[in-house]
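Novice: Okay, here's what each chain looks like letter by letter:
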Amino acid sequence: MAVAETTSVLLVAAQARDIVGPDWVVTDGAQLRVYECDGLTNHRTVPGAVILPGTTEQVAAVVRLCHEHHVPFVARGAGSGLSGGALPTEDGIVIGLSRLREVLDVDAANQRVRVQPGVTNLRVSEVAAPFGLYYAPDPSSQQVCTIGGNLAENSGGAHCLKYGFTVNHVLTASVVLSNGTIVELGSEAPDAPGLDLLGVVIGSEGTVGIVTEALLNLLPKPEHVETLVAMFPSIETAGDAVSAIIAEGVVPAAVEMMDRLAIDAAKTQTPITWDTEAALIVELDGPAREVRQQFEAVNAICKRCGADAIQVAASPDERQTIWRARKSAFAAVGQLSPAYLVQDGVIPRTRLPEVLSGIRALADEAGLRVANVFHAGDGNLHPLVLYDNAVEGEQAKAEAIAMRIVELCVDFGGSITGEHGIGIEKVCSMPKMFTGDDLTAFDRVRSAFDPVGLCNPGKLLPTPRLCGEVPGFYHAHPVETAGLGERM
Amino acid sequence: MAELAGILGADRLSDEHGTPVLTPRDAAEVSTLLEAASKTGLALVVRGGGTKTSWRPTPTRCDAILSTAALAGIVDRQPGDMTLVAQAGTPLAALQAAVTGDTTHRQRLMLDGVGGAASTLGGILATRAAGPRRQRYGTPRDIVIGARYVTGDGLAAKTGGTVVKNVAGYDLAKLLIGSQGSLAVITEVSLKLNPVPDVARTVVLQTTDAAAVAAFVAAVRTAAITATVFDVRWPEGIVAIRIESTPDGAAAQIELLQGFAQLEELSPEAGDALLEEHLAFPFTGAGAVLGIGVRPEHLATLLAAVAAAGGLFVGRATLVAGDIVLPDLDPERIGRVVQAVRDLGGNVQARRGDETHGLAAHTAAPGVAMVEAAIKQQLDPAGVLV
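Heads up: the sequence lines are chains S and G, in that order.
Just so we're aligned, residue 953 is where the first sequence starts under this note's numbering, counting upward by one.
Just so we're aligned, residue 1482 is where the second sequence starts under this note's numbering, counting upward by one.
Errors might be hidden in some of the hints.
Claimed, not checked - Keeping only pairs whose Cα atoms sit at most 20 angstroms apart, straight-line, the calculated EDC-like set for lysine to aspartate or glutamate is:
id, chain 1, residue 1, chain 2, residue 2
1, S, 1255, S, 1227
2, G, 1857, S, 1395
3, S, 1114, G, 1679
What the hints assert, rightly or not - Pair ranges (Cβ atoms, derived):
id, chain 1, residue 1, chain 2, residue 2, range
4, G, 1482, S, 1305, 50 to 58 angstroms
5, S, 1258, G, 1556, 31 to 39 angstroms
6, G, 1816, S, 993, 54 to 62 angstroms
7, S, 1349, G, 1846, 47 to 55 angstroms
8, G, 1732, S, 993, 49 to 57 angstroms
9, S, 996, G, 1843, 43 to 51 angstroms
10, S, 1096, G, 1700, 33 to 41 angstroms
11, S, 1248, G, 1791, 46 to 54 angstroms
12, S, 1096, G, 1843, 35 to 43 angstroms
13, G, 1598, S, 1059, 37 to 45 angstroms
What the hints assert, rightly or not - Residues from chain G that keep clear of chain S, each with C-beta distances beyond 12 angstroms, as calculated:
id, residue
14, 1489
15, 1717
16, 1742
Rather than coming from a laboratory, the hints here were simulated on the basis of the structure.
Note that the structure is predicted; figures quoted are calculated from it, not measured.
Glycine is no exception: its CB is placed at the ideal position from the N, C-alpha and C atoms.
Chain S with its partners taken away, still in its complex shape:
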């Protein structure tokens, strides 16, 4: 780190003590290490300082300091993100939002709740429950992940097949821009005039500002829910069943699939007895008689497509067990392997069999195991690449396979990420999916929000330093933008 940069970070940290109070500024080396990574643990950088504001105004004041001293910053919620979106830079600060964790208002009459960004996803549904309401987005990490992070990543979850993503459920947000200005985006009433800036901020991975408050839309809890697990002899037959269910005109609340390896992992955490190559979880919700009628149809389709056995959840407890098995699968894979990488890619659902054989071929070629857990309804794959970090070179091999898997998704007309985001992990894969002109347009919009480039730099869009030059993608250096120099 250059001396000037160290001085700037320390200057910001020192001045921030007057804003947030001395207890909420971290500069001690050991304490800083807590913030060196998020859920993507194979990338680590110790930040220059961590500042923990307690109000929107304090966030804005800290950002203004950063702006004044030209210090980059990254916002951090629970740090559960899986693409390194909250990875710090050593010449920058982390703005932790963990102190902003109040539910400010539950407005049952208008079906909405106002929260600070550090409130966990699950807590929103908990405070809404007494009114018969709930918050639809339900990422697997919902017990720990926060609303601020959910907005940054446009989080989905198992039920987004029917109910959409975070962006479909946020009415307004207070956002601190990169120069410290506080703006209110969105509207409490429908059809606001002007540009949909909120739609850009949600899913921007902390690169255009920091969300310090959000008004979320709540839904009435469905009258009736039915859940089944169908055991299929192969992933392919289970995939056929998914297509048949969709063709029947049923829109399930969730359709999830787990392969044998993922099931074996889940068994270490939950009392399930599934013994099959592919388990298909289908959940329907809505008005009772509609659900019952469609559930019968789904049941029949599963049998017709070759399910060996079908287990129907007979009670809320049994439903919970099924979902615990599904949601614990990621972490449970840790029981089968010393280390693993979680991947996230999307394909058109109908290409599932081809892509899965492609993944198998890649895994075999590398001599690694890959477990598959996915949101089958919307083609969002989560291959888990298992490896042994004690074996020299195996991590690099696993990372290479993981990247080739998402690039395979692009070859089949899909996306390199369905819900985990680009972060730092996939910046260099962006040119696989987007042309230089596509990236230039993204960069222009980013510059409109953050002309100086202080807001979570190095994330989402490829940089020459990380990825080499991207053909056609011209990224003006701040020195050029400021008119202080030209590219030779």
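Mind docking chain G on chain S? Use the hints.
Specialist: Same frame as chain S, now just chain G:
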């Protein structure tokens, strides 16, 4: 202008009451055209079907109209994935016919055809038009999964993709939807499709008591009802609910609704006709039209204000969003309605009449205006798209 016509060829240039109309054949031509216009400082107005030109004020400058009429046709349709990609100039009616006409797959495109048969995909996005079925399926921002566009200075780019779940890069489709063609020309759109339900049944409540309407709506909104349409017409005093489901599911929901109030069921034909009428409503009469939105709790107050101003309202009862049609262009009347909606913390957008646009003009907060201006500067630096 001669230069622009030269780029496309004389057959792509026509005249409309003295204003040249340029009709590029593809995105590449749009790109060349905009790049050239940027350099020569021309002002272009983008036009799809031209059904909602009154939704924005008459442009103060317009050197030529850029028509998307030739950017038409389905690019790709994947029934198994329930997705559709089409060029932006494709009329919505043609798309809907192509999708629902495929009886094997029984799917439909749930963008509402506000504006009639000539409305194009690009125009519906640019104006963020939505109709009664947003109750269940949302607005264009909930249905669009990707777009190709050309920025004001000719950069041809894409955002999103053709899969229903995707968080790679910024979702610039959100930015283009509702931007009135001021940032870029949308050239292609990817959309989600939905299954056609087994049955559709419509029931109506008739009452001219605004408080009774509000109470009924509040009770039903948290009930086990998945309505496709939940509209109110005022001061006629009609609340219409369209249920689309399985036969059993629809029967159960209608029964449940009957428990809240005395409702009359319409014949399927009358139910469909009512839906069409509500789609056409913002285009009726000759007076001012205002698109409005208020918080759900303000429904009764809104209805009272509409009646007091001598207007008609058709809108979504629980959201609350819809249109107010006034009998004339009287500034005092328009001003009164605008004020009433704003007093409720609501939103107003003019749909007809330059006077209406003036009276309902929206001023963004300084911080927001700064970002909006910066985005305009980044995507259309020469100010070609007016």
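Novice: Work down the list of hints and note, for each, if the structure agrees.
Specialist: Outcome of the hint check:
no. : hint                                : result
1   : S:1255 / S:1227                     : 17 angstroms, holds
2   : G:1857 / S:1395                     : 14 angstroms, holds
3   : S:1114 / G:1679                     : 18 angstroms, holds
4   : G:1482 / S:1305: 50 to 58 angstroms : 55 angstroms, holds
5   : S:1258 / G:1556: 31 to 39 angstroms : 35 angstroms, holds
6   : G:1816 / S:993: 54 to 62 angstroms  : 60 angstroms, holds
7   : S:1349 / G:1846: 47 to 55 angstroms : 52 angstroms, holds
8   : G:1732 / S:993: 49 to 57 angstroms  : 54 angstroms, holds
9   : S:996 / G:1843: 43 to 51 angstroms  : 47 angstroms, holds
10  : S:1096 / G:1700: 33 to 41 angstroms : 37 angstroms, holds
11  : S:1248 / G:1791: 46 to 54 angstroms : 53 angstroms, holds
12  : S:1096 / G:1843: 35 to 43 angstroms : 40 angstroms, holds
13  : G:1598 / S:1059: 37 to 45 angstroms : 41 angstroms, holds
14  : 1489                                : 21 angstroms, holds
15  : 1717                                : 22 angstroms, holds
16  : 1742                                : 18 angstroms, holds
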